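These protein sequences, in sequence, are chains A and B.
Numbered per UniProt numbering, the first sequence spans residues 1 to 310.
Numbered per UniProt numbering, the second sequence spans residues 1 to 339.
Worth double-checking, as some hints may not be accurate.
Said to hold, decoys possible - Quick list of the computed label-pair ranges, beta carbon to beta carbon:
no., chain 1, residue 1, chain 2, residue 2, range
1, B, 256, A, 170, 54 to 64 Å
2, A, 177, B, 249, 28 to 38 Å
3, A, 269, B, 259, 33 to 43 Å
4, A, 269, B, 263, 54 to 64 Å
5, A, 256, B, 259, 24 to 34 Å
6, A, 199, B, 273, 41 to 51 Å
7, B, 29, A, 206, 41 to 51 Å
8, B, 208, A, 309, 49 to 59 Å
9, A, 295, B, 137, 53 to 63 Å
10, B, 15, A, 269, 32 to 42 Å
These are calculated hints, taken from the structure and not from any lab test.
Nothing here was measured: the structure is a model prediction, and the numbers come from that model.
Note that the Cβ used here is the ideal one computed from N, Cα and C, for glycine as well.
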Amino acid sequence: MTHSSAIVGSSWLLGLMLALAIGVTPARAADIDVAVKNPRAYGHVVGDRLTRGVRFTLPDGYRLERTSLPGQGKLNYWLDLVALSFDALDERGGRVEATFVYQLFYAPLQAGRRELPSFTVRAVGPDDDVIEARVPGFAFTMSPLIELQSEAEFGSQDNDIMLPDERPGLRDVAAPRRTALISVVIAWVAVLAWAWISDRLPGYKRGPFALAAARLKRLRRGTEPATPSALRVLHRAFDATAGRAVFAEDLDGFVAAHPAFADLRDEIDTFFAFSRRFFFVGVESNGDRRHTLTELQRLAEQCRRREARA
Amino acid sequence: MQGDSRLADWRARALRLEEQVNSVMVSQAYAVRRMLIAVFARGHVLLEGDVGVGKTTLLRAMARGLGGGYERLEGTVDLMPSDLAYHTYIDEDGKPRVEPGPVLRHGESLATFFFNEINRARPQVHSLLLRLMAERSMNAFNREHHFPHLLVFADRNRVEREETFELPAAARDRFFMEIGIAAPETREARRALMFDPKFHDADALIESVDEGLVDYTALNAFASELQNAISVSETLQNYALDLWQAMRDPAAAGIQLDDVDVNTLIAGGGSPRGMSMMIRAARVNAWLAERDMVVPEDIRAVFAETAGHRLFFNPIYELRRDEIIGRLLDAALARIAAP
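All chains should be modelled from the sequences, with the hints used to inform the complete structure.
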């Protein structure tokens, strides 16, 4: 038997056992399911209120008999049930959340155990059959308000009855602080990267050709023919530099207004002539695509340098 | 190939005509080029300018170069539509006579009709003229007369407003172009106009233009051939559409003008007919520049003349029209990029 088939075999066995376990103890249909949510079981003093939530889940068609629950009022000499409320969790009353609020009137001389009494609830079925369930008691510790010490006295320098207030404990914030710092750094880096890409970095404005060069660099490198969008990127850079739409006929004026580009005149002329053929001749697949993306990138880079110098 | 050589042949003649008209006019190369475009796009022109800047001389020179009949009529407040068609007088025998008027006198050979001071004439006359422009025909002597080669040039006096009838929007829209003619700006040109005896005798000056340089009877056929020969790419169509949109809604195109609220500036205009005329003119401009496709520069060259008079401002801005329109058109051209 190989290793993998052993695993398959054992998981088979496990499945069988699970099926058996479910089969042996099937949930009885006519049971009230009781789930109790208890308060803390220590540190209670006289006058405290204890809130106990009990969720009853009844079988189909059963309704909880309210009179089987303890009534509001004095339960015994030290315990009152001061409030009792019901909350139906579904429309037919099949799931009920009962909230019991007890108040303690016992004043212990020393810490001692007490218990909220258990009680039995009843539910009536569709055929008037009655089922019962027991809500267990709840044991907890009650303490005296003040420790009984014969030698201690109020206001004594050496042995005061009251201990000084405990200072609230400080939570460890090192880990959250580190997380917050890292988040802030990441957010700032993201904002700066966005500002850089969209040229909104305050105090550091990149020129149109610097942006165009960066944008062209982001396009795929290679010798493939220049795409309309790549040509447009460069056109927008010329437009932005001139402050208005620049066409081939405007190049004299453009160079006159921006003498830094004068020595690139031939390259710029070639670019505009190519672009004019490309966009306006109407025949775009005439095999005359002399400008490749690499050439556009080179022209943008040359213009970027002139722009930075100007 | 034959088409190409025909285009080149016609272009040579057109440029010669332009050159000769330019030798008659001083510093009016811009207006002459626009007139030439209108002639080859077969569109009627509204001329605009001060008194005595040479509008009539320019027209007569152009008409002489084109050949065909030339007529000129002065718009006056008492001019009636019938005055265009009939000439009435008392003959030597004292009998009333009715002869063909200025429009009919040349018959079908009428090629250039100049209506001077069109806004002095009454709206009845305008409407007759508009029909003449749109259909190139007129009813007179109980039959319909056709003028297949006719181009109408009209001149508008902008100095006076008394006793004038402003052209309605529909009438202005029918003009292919509105060309402004200004007095020469340079001192040299003004000196020549004042002191060169050549410019004192307009008749002799116009004689210097060769008569019938361009055959006006063949212009219609050639104009449509030219329109088909010049291609317009999709990118350029988008550019023209963007321009049109920017004119209709300057605010959306991001156009801002000092001292003008562009949101409320435009009341209407920018008609489809106008935009198609703009492309017609751009094609002629491309042909004159020896290109077989239209580029944005062609549209730019004719934009102000073909689109400007078709835009109508809100009344509060209409009085400042001359000042605003140039800025608006320039801003649209600067703003809209192509490709």
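Results of checking the hints against the structure:
Residue 256 (chain B) and residue 170 (chain A) have their C-beta atoms about 59 Å apart, which keeps the hinted 54 to 64 Å range intact. In this structure the supplied range 28 to 38 Å is violated for residue 177 (chain A) paired with residue 249 (chain B), their Cβ-Cβ distance being about 54 Å. The hinted window of 33 to 43 Å between residue 269 (chain A) and residue 259 (chain B) holds, with their beta carbons roughly 39 Å apart. About 40 Å separates the C-beta atoms of residue 269 (chain A) and residue 263 (chain B), a value inconsistent with the hinted range of 54 to 64 Å.
For residue 256 (chain A) paired with residue 259 (chain B), a C-beta distance near 29 Å keeps the hint of 24 to 34 Å intact. The supplied range of 41 to 51 Å is met by residue 199 (chain A) and residue 273 (chain B), whose beta-carbon atoms lie about 43 Å from each other. Look at residue 29 (chain B) against residue 206 (chain A): about 42 Å separates their beta carbons, and that is inside 41 to 51 Å. Checked against the hint of 49 to 59 Å, the C-beta distance between residue 208 (chain B) and residue 309 (chain A) comes to roughly 54 Å, which is consistent with it.
Distance hint check: the CB atoms of residue 295 (chain A) and residue 137 (chain B) are about 58 Å apart, consistent with the given range 53 to 63 Å. As the Cβ distance of residue 15 (chain B) to residue 269 (chain A) is approximately 25 Å, the hint placing it in 32 to 42 Å is violated.
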